[in-house]
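Colleague: The lines below spell out each chain.
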Amino acid sequence: MNNVQNKKRANKSLPFFFKDEFKVSFVIIFISIILLINTFTFDIVPPILNRGIQPATFPKGLLVLIITLTSIIYYLSIKKPWEIKKKLPKPFFFTLLSFFLFIFVSKTLDFFLAISLLSVFVSYFWGERRIFYLILVSVIFPIIVFIFFETILGLRFPPGVITNIYYQV
Amino acid sequence: MENISLMFAPLMSSKLMIVLLFGTLFGLILGVLPGLGPTTGGALILPFTMTLDPLSAIVLLTAIYCSATYGGAITAVLINTPGTPAAAATCLDGYPLAQKGEAGRALGMATISSTIGGIFSVVVLVFFAPLLAQLAYEFGQPEYFALAIFGLTMLASIGEGSPIKNLIAGAFGILISTIGKDFMTSIERFTYGINELSEGIGFIPVVVGLFAISEMLTQSTLLDQIFKRVALKAVKLPSLSDYKKTWKTILRSSGIGSFIGVLPAEGGTVASLIGYSEAKRWSKNPEEFGKGSVEGIAGAEAANNAATGGAMVPTLALGIPGSATTAVILTGLIIHGVRPGPDLFREQPDFLYGIFGSMLIANILFFIFGFFGAKIFARITLVPNKLLWPMIFAVSVCGTYSLSQSMLDVWIMLFFGIIGFFMRRYGFSVVPVIIGLILGELVEGTLRQSLVIFEGNWLIFFTRPIVVTFFILSLIALAFPLLRKKKK
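Residue numbers (this note's numbering), protein chains in the order written: chain G, 1 to 169; chain B, 1 to 488.
In short, the hints are calculated from the structure, not lab data. Where a beta carbon is used, it is the ideal one built from N, C-alpha and C, also for glycine. Errors might be hidden in some of the hints.
Claimed, not checked - Here are the computed lysine to aspartate or glutamate pairs in the EDC-like style, where the Cα-Cα straight-line distance is at most 20 Å:
(1) B:LYS15 to B:ASP350
(2) G:LYS87 to B:GLU288
(3) G:LYS85 to B:ASP224
(4) B:LYS248 to B:GLU278
(5) G:LYS60 to B:GLU138
(6) G:LYS86 to B:GLU143
(7) G:LYS107 to B:GLU196
(8) G:LYS60 to B:GLU188
(9) B:LYS181 to G:GLU21
(10) B:LYS245 to B:GLU188
(11) G:LYS90 to B:ASP182
(12) G:LYS60 to B:GLU288
Claimed, not checked - Chain G side only, calculated, beta carbon under 10 Å to chain B, not exhaustive:
(13) PRO15
(14) LYS79
(15) PRO91
(16) LEU113
(17) SER119
(18) SER138
(19) PHE146
(20) ASN164
(21) TYR167
(22) GLN168
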């Protein structure tokens, strides 16, 4: 209980733009405003053909609702600050980084190589050091998944250096 | 009566029985593993159901739903970590009882009350779903619009966390559904010149991203967590005195769970908390709660499993999902060309009662598997996260890719994984996003079609009795959290 109160007190002492509630509300409202502006670029149905409402009206309404509700949660957070979150640990950033590595490798080299690399990367940075288990998650399991999807679901995976060998391109 | 006999058709089909056995076992594994659960599991298995006929596919998904909901109790009792959010209340008494050396008794009580709760809810489903479907014949476009709004407001008010944040998440889900070509005019919205977005964003990449990938990121922040495991010798059937102590609680919680399940919200979690608190309120020994009370376990477990059948009522009768998992089941129905609603009851009773029957059998099967195999399932939690999650990632990526063989779906999955992580970190539930996404087309479609039918007259939303009733109920739902706060 004391811990929570201390955290809340610590949160109160921060300048408003460093507080989570401001950052979260700002990001939501900022993105919503960009999207709202974007809705004004949607094509308009000519009045003679228009039945009901314009295609942009509904998303506009939703975005205004999101902006209004976010402003309310920010206003409420001034009275009752959010609890400060613990800093994100290193493995989180490595996992996030591995997603970008996955995107890069699957776009440039091979989809399955990307899965293998991500698996070994995540497993290693989450603390796995035993070679057998690293091979299990990065080689054996992806192969099983590949064969399963290929043979049972008849799926054709995107071309790449390894899949091309399998498909004998 | 003739329809009731159709419920036992799955027993006559070896194929359906195999599907049921596999679904129940797979569901138990999903339920036992913290972080996974019926929604993520259902979304991961959805691409595989494409190889099955519609009935087998839905039987598989419902079996996973029933058994994964129960499976969460095994982890809750043995390692004090709910395997599924719906088992959170089970930890309160399950783990303390296990610590006293009575893990078998705790799991026995969880198993029997889950089974009774689940079977009770199937009975509710069999009797109430056709009645609700009958009522739906009276519904026109404005009524469906008001119903969808009611569903979303209920979700916001009785779901977990802040109602305003839930509403934002729901609106975000509906907003995602507007991406692509407008269904009435074919005008493109939020597509930014990407052709693949013209057809809109698929449900599966969003679900897998919001549940599986965001959970993977969450797990990466919990690597220093140490679980204290309680040894389990064998699951024990409750004694006669335990039955005497708990039968009223089990029945009450089954009723509560079925009712909460019918309401469009994340039924199981809320139902188990209410079931638990009501069990405590009515108990002759409330002081035992939190210290290993069998009534506490029974109250929570009967309620969360009863919510499964309840949540299927609006899903099948109206096409409005009662929970995130039933949203996945609804997607399964749509993918397989089955449109839920009143016509389904009239035109395909064999299909419908086959689902009811399979849910009934799944409840019996997880009782058998849970009773004899809980010890083995408990060992699954020994698989370390550092091996488990890379494997889940591989299945998630391939499953998402397989639906439309598009890499864009994989990028969307990763994008929503990151969004989902930050949403959960800052107290926004991801469940309303899913429900909003699936209801989005219905909300916008019925609103616009109503305006077309009634020539732009907005007054139709304030003059039709059913519409007005749903709007009043929506206002009550929105006011409910404020009243609850005031009462506290």
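Colleague: Of the hints stated earlier, which fail here?
Modeller: Violated hints: 2, 5, 6, 9, 10, 11, 12, 13, 14, 16, 20, 21, 22; rest satisfied.
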